[in-house]
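From just these sequences and the hints, can you work out the full model?
FYI, in our numbering the residues of the sequence shown are 1114 to 1243.
The set of hints was computed from the structure by calculation and includes no laboratory data.
Some hints could be false.
As the list claims (entries may be wrong) - EDC-like, lysine to aspartate or glutamate: derived pairs with alpha carbons at most 16 Å apart:
1) LYS1219 to ASP1199
2) LYS1127 to GLU1117
3) LYS1219 to ASP1205
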Amino acid sequence: MALERLLLFSRQYKIRQWLVDISQMPPLGNDEQAWVSQRWVAQFARIGVSNLALMLPDDLHNQLAMEHILDSGRCYTQLNVQFFADFPAALDWLSKTPEDVQRLEKEWFVAANTAPQPSIQNLSLDKLLD
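Pasting the structure below:
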């Protein structure tokens, strides 16, 4: 449900860059991996996200699963994907200026401390950088 809501939000607000914290995500099962790879990725490709920054999962299994999902989605999109160990590096990759990085860092940490599900966070970076 969360992944589908992210698609709706991104479509509605024309979001083109995502920063997603999957560091604490529960282990992905085979059925979940198959659903994301076979159904969700094609929908994701149609919304036009061009840059995806992912916080490295603590679980090696999840990192390998995400890499497999992203690999399977390469036929749908020319998405730029990077894994990051820390937020400032991810924000730097997504931002145009150092000032944007500082502003977004503050917003990210506020969101991380107030989000009901900290493992699924998404900032509308396009709106913030305008």
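Hint check:
{"no.": "1", "hint": "LYS1219 to ASP1199", "in the structure": "holds (14 Å)"}
{"no.": "2", "hint": "LYS1127 to GLU1117", "in the structure": "holds (15 Å)"}
{"no.": "3", "hint": "LYS1219 to ASP1205", "in the structure": "holds (13 Å)"}
Going down the numbered hints, you'll see the structure goes against none, and every one checks out.
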